[in-house]
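J.: Based on the sequences and whatever the hints tell you, model everything.
Under our numbering, the first residue of the sequence shown carries the number 1, and numbering increases by one thereafter.
No wet-lab data here; the hints were simulated from the structure. These numbers were taken from a predicted model, which means no experiment stands behind them. From the three backbone atoms N, C-alpha and C, an ideal C-beta is built for every residue, glycine too. Hints should not be assumed to be uniformly reliable.
Taking lysine-lysine pairs in the DSBU-like style, the calculated list, with each CA pair at most 35 angstroms apart, reads [what the hints assert, rightly or not]:
hint : residue 1 : residue 2
1    : K71       : K168
2    : K168      : K158
3    : K158      : K71
Okay, the calculated beta carbon distance ranges per label pair [stated by the list, open to error]:
hint : residue 1 : residue 2 : range
4    : Q202      : T402      : 40 to 48 angstroms
5    : I396      : N57       : 53 to 61 angstroms
6    : P423      : F223      : 18 to 26 angstroms
7    : N57       : D229      : 16 to 24 angstroms
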Amino acid sequence: MGTQSQRKYSISSLALVAVAFIAAVILSNQLFRGWRIDLTENNLYTLSDGTERILENLQEPINLYFYFSDKATENIPTLRDYANRVREMLEEFEDAADGNIRLSVIDPLPFSEDEDRAAEFGLQDVQLPGGRDSVFFGLAGTDSVDNVEIIPFFQPDKEEFLEYDLAKLVSTLAQPQRPVIGLVAGVTMSGQFDPQTQRMQQPWAVYSQASQLFDIRSLGTDFDSIDDDVSLLWIVQPKSLANPTLYAIDQFIMNGGNALIFVDPVADADPMPQSPGMPQGMPPMGQGSDLAAFFDAWGIDFSAQEVVADAQLALQISMGGGSRPVRHLGFLGVPSAQLSSDDVVTSDLSSINVATTGSFTASDDAPGTFEPLISSTTSSALLPATRFSFLPDPGILQNDFTPDPDQHIIAARTSGTLPSAFPNGPPPTTVDSGDGDPAADEEPGNHLAESATTSNLILVGDVDALSDQMWVQVQNLFGQQIANAFASNGAFVINALDSLSGSSDLIGVRSRGTFTRPFIKVEELRVEAES
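T.: Here it is in structure tokens:
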């Protein structure tokens, strides 16, 4: 009898434990619904603050259609793993958007309506090695007025920028109007009348490409205010700008505006006027440009009187007249190894060509962060800019060339709360009071002594990188201008304009860690064993 009582007691206890467990599960599902813990080293499943603000500020629903050929990739585990990563990130977007993102996951089977719709969106179907059917792996997004943005194909080698690409697509649909770029250029990039040929010169290819994606508004080089709808300044070769213009630029940046700035110690794209004493047959020296007052305030030094020379990156150039090409230490072909892989502007570029470029350094007490984008190698040095004037044979630069141990920074991103270049307020101006005497200084207005929000700037020490001869061949084919790029200069400019013209939230979404993790210890043991 005692045994039967113990058995009944045990069964009753197990039943109570089971009921308690089920109740605990139901209760935890209710209390902790939506709770998640991200235990990955790089917080791969935690959205950045910038992305969360973009999603929280959505004013209308956005439809996202994730097309992935699930059935056709059954035997491609690496691609399927990355597809799961993309889908999970999209689900995070959907959860954080509080109903303003509607996600649809679609397997576009061959000869189906889904496949036709994916093609209509412009998604790429890729034929993978060994596969019978083409594979779709892309994203299409639409808003309430049928604007469409797409990611044609998710490339696994760009995984660290997955969150940025998704956030950019959503941000673009949320604000579909083209950003207004204010161009402040000391060189004519948009084309001009050539009195020698009596024809209009073609715009620079980089200007034409940017005009297709952005609303480029030329501000000239003499102004004292900037329109409120300008979201970004593109400053190229700023020579001898007057104080009112400098102050307008300064306060634009202090008010949260971003800028892409190109300066140059020797800009061959902007030659000095011919003078009577100039040797016959010699090309005129390029003019220099600087924004010393701004750079000094930001704790940045620019080598306005020195040029970066690099024996490892030197390009071969033709001097004409049937002479053999010669390596020019001031004309550099910068490969991907010298481009930042951590910044979306340069991560996917192959090479950038520059000519007689300057370099930047940041002081230890610089108020903002300073991140190199383009750098020379350790086989480089700074040479006086005067050595590049009237240079008949660039080969002579190699005669006494001695590299220094530094990598010189050709382009960089600086961001943070920056001080004004006019700490004491606007520069003094005089107006005519009507009696012939100058009146007192104008009312200072709402002067900002430091940036109201985080400023984001990209600084480039070379203007020639924008000119066609450094990166593109433009041919006229049946009346159409066809551009064939041999370097990534144009892509660099478009990436920079695209990055800086976005919201501060989008700019703040930087690269993340990758989902695929190598077996580091195993690799170390393998290398040790092989050695």
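J.: The structure should be examined with respect to each hint, and the outcome stated for every one.
T.: Evaluation of the provided hints:
1. K71 / K168: Status holds; Cα separation ~29 angstroms.
2. K168 / K158: holds (14 angstroms)
3. K158 / K71: holds (24 angstroms)
4. Q202 / T402: 40 to 48 angstroms: The hinted range 40 to 48 angstroms holds for Q202 and T402, with Cβ atoms some 42 angstroms apart.
5. I396 / N57: 53 to 61 angstroms: holds (59 angstroms)
6. P423 / F223: 18 to 26 angstroms: Taking Cβ atoms as reference, P423 and F223 lie about 22 angstroms apart, which means the hint holds.
7. N57 / D229: 16 to 24 angstroms: Once the Cβ atoms are compared, 19 angstroms apart, the range 16 to 24 angstroms for D229 and N57 holds.
Every hint, counting from the list given before, is met by this structure.
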